[in-house]
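Asks: Based on the hints, put chain D in the right spot on chain W.
Protein chains in written order, with numbering that gives the first Met the number 0: chain W, 0 to 344; chain D, 0 to 344.
Rather than coming from a laboratory, the hints here were simulated on the basis of the structure.
Just so we're clear, the structure is a prediction, and the values are computed from it rather than from any experiment.
You can't tell identical chains apart in this list, so a pair holds if it fits in one copy or across any two.
In silico DSS-like pairs for lysine-lysine, Cα to Cα no more than 30 Å straight-line: (1) Lys288 <-> Lys113; (2) Lys161 <-> Lys232; (3) Lys232 <-> Lys154; (4) Lys214 <-> Lys89; (5) Lys288 <-> Lys89; (6) Lys56 <-> Lys94; (7) Lys214 <-> Lys344.
Here is how the chains run, residue by residue.
Protein chains: 2
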Amino acid sequence: MKKIKVAVNGYGVIGKRVADAVVLQDDMELAGVCDVVSDWRIRVAEKKNYPVFAFNKDFKKQMTNSGVNAKGNLDDLIGAADIIIDCTPKKIASKNIEKYKKANIKFIVQGGEKHEVTGHSFSAENNYATAIGLESTRVVSCNTTSIIRTLTALKKAGLLRKARGTLLRRATDPWESHLGGIMNTLVPEPEIPSHQGPDAQTVDNELDVITAAVKVPETLSHLHYWNVQLTRKASKEEVIAAFKESTRISMINYADGLSSNNTIKELMLAMGRPYGDMYEVALWQDMLKVVDDELFYAYVVDNQAIVIPETIDAIRALTTIEKLATNSIQMTNVSLGITQKFIEK
Amino acid sequence: MKKIKVAVNGYGVIGKRVADAVVLQDDMELAGVCDVVSDWRIRVAEKKNYPVFAFNKDFKKQMTNSGVNAKGNLDDLIGAADIIIDCTPKKIASKNIEKYKKANIKFIVQGGEKHEVTGHSFSAENNYATAIGLESTRVVSCNTTSIIRTLTALKKAGLLRKARGTLLRRATDPWESHLGGIMNTLVPEPEIPSHQGPDAQTVDNELDVITAAVKVPETLSHLHYWNVQLTRKASKEEVIAAFKESTRISMINYADGLSSNNTIKELMLAMGRPYGDMYEVALWQDMLKVVDDELFYAYVVDNQAIVIPETIDAIRALTTIEKLATNSIQMTNVSLGITQKFIEK
Numbered sequence: 000m001k002k003i004k005v006a007v008n009g010y011g012v013i014g015k016r017v018a019d020a021v022v023l024q025d026d027m028e029l030a031g032v033c034d035v036v037s038d039w040r041i042r043v044a045e046k047k048n049y050p051v052f053a054f055n056k057d058f059k060k061q062m063t064n065s066g067v068n069a070k071g072n073l074d075d076l077i078g079a080a081d082i083i084i085d086c087t088p089k090k091i092a093s094k095n096i097e098k099y100k101k102a103n104i105k106f107i108v109q110g111g112e113k114h115e116v117t118g119h120s121f122s123a124e125n126n127y128a129t130a131i132g133l134e135s136t137r138v139v140s141c142n143t144t145s146i147i148r149t150l151t152a153l154k155k156a157g158l159l160r161k162a163r164g165t166l167l168r169r170a171t172d173p174w175e176s177h178l179g180g181i182m183n184t185l186v187p188e189p190e191i192p193s194h195q196g197p198d199a200q201t202v203d204n205e206l207d208v209i210t211a212a213v214k215v216p217e218t219l220s221h222l223h224y225w226n227v228q229l230t231r232k233a234s235k236e237e238v239i240a241a242f243k244e245s246t247r248i249s250m251i252n253y254a255d256g257l258s259s260n261n262t263i264k265e266l267m268l269a270m271g272r273p274y275g276d277m278y279e280v281a282l283w284q285d286m287l288k289v290v291d292d293e294l295f296y297a298y299v300v301d302n303q304a305i306v307i308p309e310t311i312d313a314i315r316a317l318t319t320i321e322k323l324a325t326n327s328i329q330m331t332n333v334s335l336g337i338t339q340k341f342i343e344k
Numbered sequence: 000m001k002k003i004k005v006a007v008n009g010y011g012v013i014g015k016r017v018a019d020a021v022v023l024q025d026d027m028e029l030a031g032v033c034d035v036v037s038d039w040r041i042r043v044a045e046k047k048n049y050p051v052f053a054f055n056k057d058f059k060k061q062m063t064n065s066g067v068n069a070k071g072n073l074d075d076l077i078g079a080a081d082i083i084i085d086c087t088p089k090k091i092a093s094k095n096i097e098k099y100k101k102a103n104i105k106f107i108v109q110g111g112e113k114h115e116v117t118g119h120s121f122s123a124e125n126n127y128a129t130a131i132g133l134e135s136t137r138v139v140s141c142n143t144t145s146i147i148r149t150l151t152a153l154k155k156a157g158l159l160r161k162a163r164g165t166l167l168r169r170a171t172d173p174w175e176s177h178l179g180g181i182m183n184t185l186v187p188e189p190e191i192p193s194h195q196g197p198d199a200q201t202v203d204n205e206l207d208v209i210t211a212a213v214k215v216p217e218t219l220s221h222l223h224y225w226n227v228q229l230t231r232k233a234s235k236e237e238v239i240a241a242f243k244e245s246t247r248i249s250m251i252n253y254a255d256g257l258s259s260n261n262t263i264k265e266l267m268l269a270m271g272r273p274y275g276d277m278y279e280v281a282l283w284q285d286m287l288k289v290v291d292d293e294l295f296y297a298y299v300v301d302n303q304a305i306v307i308p309e310t311i312d313a314i315r316a317l318t319t320i321e322k323l324a325t326n327s328i329q330m331t332n333v334s335l336g337i338t339q340k341f342i343e344k
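For reference, chain W alone in the conformation it holds in the complex (with noise of 0.2 Å):
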């Protein structure tokens, strides 16, 4: 079978993760990795043998001057691939797309960029049907992610009536925490509902989903608080057992000592993931409560890992080497050892 030859233009904080993980499918190989920077960042990237090219003939220079080995520029890349990742700041991918367009290259573009960028907005185990063959998508969100996980997994049960949400949101990326984050005191977003909600519904129109948001002064991850109205009165073990449902769902529990988002870090390091990632949502089973006709719960979110999966997958609907939804989240998650349970019995 041939391979298909994937590009990463940005190899940041998910460009880096998303090169990582196309190596480890039998299905794809890396064409190259394509940046600005000349640091330690590229030369990572160079130690693992991965082709790095330079965003244009400037960056090659200084590239080749700091002695980083660029073999061409990001439309030398392009040329070689089959599918380009944009994984660059907002700013920069859109004018990326348009290089993309022209140069006749399916693309994905991460969750900062618009819905109407790409016209789909892709979530692997709502709507990974609806990408075969398309020319482009966008991965949405890491917050947005989980949400559709959790919300399609009560969907396909037949349990969610509305979702309302509080998201903790962490202030910056733990390696950029040197840039500028905050500490010691909580920053509202201006506005309710936040843009979450409405970002869910670009994936599947039919959730009812509101979202307030708050940035913490912490950098580890994500955690929200649900508060869902089902379609009728229902029992703990039917609402984990919808959750199950999802391959990328693993239930936690507070009495098995993961009572905090470090906890939950720490584990991932402990279970020897690249970067103490976590590509699962972690909910908690035991805190979970249901009163009457209401849900309530909490789950943790890893900012830059929980999109890496998903992208895989999206790559998988674009080339059409794998129709199936089930079979390319199957591929995925072995490839990354994604589990429903980390340590539970």
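Replies: Chain D in isolation, oriented as in the chain W frame:
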């Protein structure tokens, strides 16, 4: 008019604020403050010319050795007062209560004690009248006070059906941060519902309220996010008008630069409030959102200050020096500078 003699047992975070507030009331005088410490904390009380008492003989000796002029023991203070406000830590308070009952002195406990201890839980705007002449009451905690204030306002306007809240609780008191807190993580309470909902029902059992709570790594104040099911469709203006019926809710605006817990704290300091205390619930007016018959809003609660005016009102209710809630609230508000408009025009 004879002034009510108020004793304060425990000169800590709450006790020192209660003492300062008592001194500001025309109808009260401070019989004294009682504590176990001999360091800078109790010397501040001496500097303010507050009569200082020691918890017992041994502590009195320690105070004397440290040069603190203790006027007597707790028993002496009880003998010199009409009512005592217990601001001691949880386990100590329960033992004190036996002493108060034996001495036949009226007493007020803090929200950390169980409702059963007094059989009455107090929140001025909700149930002042039911506390008139009682031997004792319990001023509910900071979070519960804020819940009752806001929900009572909606209830009085006939708008409240049920309320669901997510509480971001500050990790520890600012002055006790050196004794341990949390950093760079979030620590959810193990159980949903958290205790604040049932606690609010000890004041008003008609309230349909469920809360979830999480400890966050900051020390300034609490932040609440609420989703309220209204009894009917309502306009934003109606809801704001309802909140404005409470004299202890202050509407703030993100657009005025009040965009976080620390900006609100700085405003209180700029206003010359002692310790930068905020007695009011600071509720974001511009963020507040009504969607059909659902209401969403967020507010900030100063957990050191919000119970102080409530405690002053509880003193008046128990001692019957003022039988009308509105009169007591008005007196307390004026004495402490409580306002519905911090900087709003």
